[in-house]
Amino acid sequence: MADSLGGNAVASPRELAHIYRKLAGARIRADWQYRGPFIGYTLTQGLITFLDFVQIAVIFNQVDQLAGWSVAEVAFLYGASSIAFHVGDAFISQCERAPQRVKSGEFDLLLIRPVPTLFHLCADDFAFRRFGKLIQSVVVFATALVVLDIDWSVAKVGMLVVMLISGTAIFAAVWVTTSAVAMWMIDATEIMNSFTYGSSFAAQYPLPVMAKWLRHFLTFVVPAAFVSYFPALFILDKPDPFGTPAWIRFAGPAVAVVLMLVARTTWSAAIRHYRSTGS
Amino acid sequence: MNHRPDPAPGADPVLELDAVSKEFIVYRKTGRLRRKRTTVRAVDNISLAVGSGELVGYIGPNGAGKSTTIKMLTGILMPSAGRVSVAGVDPQRHRLELARRIGVVFGQRTQLWWDLPLRDSFELLRHVYRVPAQRHAENLERFVDLLDMQPFLDTPVRQLSLGQRMRGDICAALLHDPVILYLDEPTIGLDVVSKARVREFLTTINRDRGVTIMLTTHDLADVERLCTRLVVIDHGRVIRDGTVAAIKEAFGGYRTVVVDLERPGPPLAVPGARVVDTDGPRQWLRFDRRTTTAAAVINSVVAQASVLDLSIEDPDIEDVVTRIYTSPPTR
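In the order they appear, the protein sequences are chains H and W. At position 58 of the first sequence the residue is numbered 58 (my numbering), and the sequence of numbers has no breaks. At position 124 of the second sequence the residue is numbered 403 (my numbering), and the sequence of numbers has no breaks.
Chain W with its partners taken away, still in its complex shape (with noise of 0.2 Å):
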């Protein structure tokens, strides 16, 4: 059950990763003078390819190995074995050209002339990548447009709320039409409505450009709203890839039915389903759908207490996702 969904026919991968790995030396100190030299595997052995136009989550817990791929895909890094190739280039061996097709964000830290007002950072980052004038201020036009960023172009970056630094250093990674966008928590820290924006326009500017897009994130409802694949790694090894879709429904073949009834009462008794949550006359009954059917549990429900109100819930991607860290590799 690995789901391998095959890049967009007819397009050649646009990023390649083909049995990668990186290690670490870590010395630690075992005593006053002496130290012990061990060899941290961040990432093992991963092969990975991305079809152009693919929206893609990467996700992991802390330590997977997240960052370590992005890295090796944008030059930071080398890789310690493995082949690896980004919009037709090796980025250990061409990491200046290379630099020109992406654009990359990491939410961590921003990429923007601190001092200076917004808008001398994107213009020097036109020089920088020797962007054509006029592309650049067509781009830049809308893309400010789609950020909602003229109320503050004039104010130094400093000066930005998190989500105002975001957009910024979204649109800044995206003005020189990067072929891969790479997105390194990008909705860290960032309030409801903020996200909503970034997610809105990630998803445009992948529809409208053809932009690949990467994303690590911890926030599951980034991958849920934006993200067509998975890529879930752990250990530096990728344990899972599919659709969004097929991953859900592999994981969480199940539903949720939720009743509120006339008074509390004992956790109800209905084949197929059992309660998972109770919260005064609430109460939660989840079911597998291969073994039931929603209607099933209703009647069940009905010909037991009398039911004021009922919903159906899917399972969310946390679920899933907590699932798939729990549940043994499949290779």
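Pulled out of the complex, with its shape left as it was, chain H reads as follows (with noise of 0.2 Å):
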């Protein structure tokens, strides 16, 4: 149907980078109000960040290995899903203050805009400050890749592209959904909050530390085990001690889809029941 404004009816992918462009620029001058605290936190965060790894630096002082893994290893680990993790941190994260946007009314705003609502809300929270712990994270990595001596192939680099895009993908994924059902669950925001960040940190270690019903928890409910644990078994030419089928260290990108989909699904229906707030 013809629209008075002319162009197209809804926008494209084009007219959609220009208007995040437009919205996160917004953010960051808003934010840059508060340079200090901004500053403050861009600092407290980057060391905290730090303090994770020492925490396995620490870890790893009082034994040579953790079931199987060295040092460099377990980096390789942690480096690469916590890039996944930051990546979504820095651009699908912002989802988490749905909730929040429910509760304060301020929801109904997103949905009068003629841009989709989940892509609004990412673009309106944009944060600088998320890019801090990514830029880490790719330390991290790089130093284990460089310390670590992979026998490198073909389909180990694509693999290692592979592990980071379904990785960064299934955090995503893992965030919309669980925001998508704190907004009509308002109250479970915390329970939600421990899916996510329980999920990241668990991403962090190799699966065999963990007792069985978490490990099981980590493939099956929230399938982190998928974001680094099973690739790297594949690049680092590494023995499951489970006696996973081989083909589970490929499963990652499928593992991606379907969680999309969930979270697809999850986040219309979350839209589509939305209550509102009284007047």
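For the record, the hints were derived by calculation from the structure and aren't laboratory data. All values reported here derive from a predicted model rather than from experimental measurement. Just to be clear, a hint being listed does not mean it is correct.
Here are the computed lysine-lysine pairs in the DSSO-like style, where the Cα-Cα straight-line distance is at most 30 Å [claimed, not checked]: (1) 527(W) x 103(H); (2) 103(H) x 156(H); (3) 156(H) x 238(H); (4) 474(W) x 527(W); (5) 308(W) x 103(H).
Build the complex: two chains, separate frames, hints provided.
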């Protein structure tokens, strides 16, 4: 149907990219007015993330290996999952604010805009500070790659790229799904956070150090194991002590696709069942 | 006596509700763990058609379903039953397409960017709504002029007064040339001057640009000064729908003679009229225009007491609406 403004009725990907830059830019300009706390926050976050890794290093100071994994190998796992997590954090995690906006009534304002709600939400709350942690993850991962004597092949390089992409998609999907659920269970935000942050934490360790129930949980409920552990087995030529079939190592993209579909369905259900607030 | 003015001749309705209901499921705590499930009907089988260029006041007591209706018309809420059509679009199925054709103002919250200068919000909306630059510039220039916003265009939104912010919000809702403008309590909390300016502006854009306007309000002066049509709802149902004049006629078919007597006295006894209030030497006599005339009432008063001054008042809308709420519905 013709539109009085001209142009296509719904924004094209190119137009969306342009709108994203404008909205993210507006957030950066607004944040810049409070740059004191902003800089402080960035420094603290960098420190906290660094301590994460120190913690792993401390464990290895006591033991040489963790369930057959060397320091460098764990750094590889940690780096890969934390890159995936922090790319998701930089671009998608803003959807966690959805329940908060529902509570305050601001969610209504997103729904009257002519761009997809999730897109708008994520662009609105764009934050540069989130890239600090990403840089740190890249440094750890790069170091692991240098230290580890990996016998590279085309398949392994391909797996490396696929691992990072599907890992990011898995975290993004978990974020969107849990935020969507939290929108209609407003008081469950904390439980939902434990899913996302918990799974990121878990993906930083080799699977065998965890109890069986936790392993199953991570594999089948929040498939964090697919983010880094299974692909790493392939890249690092490590045997799986549980004897999982070899194809599991390549299942990451499939898991990502399924989870993205779940996220999409849950998110649109949340929008459809949105109740708004009184008044 | 249920006036239902048809949309302007030749014009298709720009907004239509066809037997629309909205139910909410509410859980009430009845014990430590037990909850009782109840269904609340916020909107109950409403049918309504608004023609292009109408200026409709949508009023009702708190909780009558006003905001719920507006939210279904904007695609924010899905109706539980019935069909909604706005500017030729089904809001539920094509919310994004609809968004470019409607403007929405929520009096209670702002869609402006809180920490940025007002001007930046307008610029951002140009991108979000993909408004051609030329058109946007023309609209902005005109609205800034009409709403007198020049002095605070570069002020961060958080520093604006409520009246300034509301003007900014109304401008923001109109920059993309919407076909319909919804306003939910646009004058809430505003001072007299700001209210007057907002009303004047809405009248102007309705007249000059043919924008269809639907507003909810508790301020009946808004309705009286602005609206051509009044839809009254209560308990989720339309209880009156008609022109403001017709509704006033139907529910306010009386007038009041105010007399200032030479000295205070007991309430006057006038056939066909009764004293509804006294204040010292001043008395208010209400009469039904269908049974007597102002002249007859005045004659009778003058015959009984010496009168220094007198005036005749029309019923005010506040009174009319109170009578509508308290009278039994006609269907």
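Status of each hint after checking the structure:
{"no.": "1", "hint": "527(W) x 103(H)", "in the structure": "40 Å, violated"}
{"no.": "2", "hint": "103(H) x 156(H)", "in the structure": "47 Å, violated"}
{"no.": "3", "hint": "156(H) x 238(H)", "in the structure": "13 Å, holds"}
{"no.": "4", "hint": "474(W) x 527(W)", "in the structure": "23 Å, holds"}
{"no.": "5", "hint": "308(W) x 103(H)", "in the structure": "20 Å, holds"}
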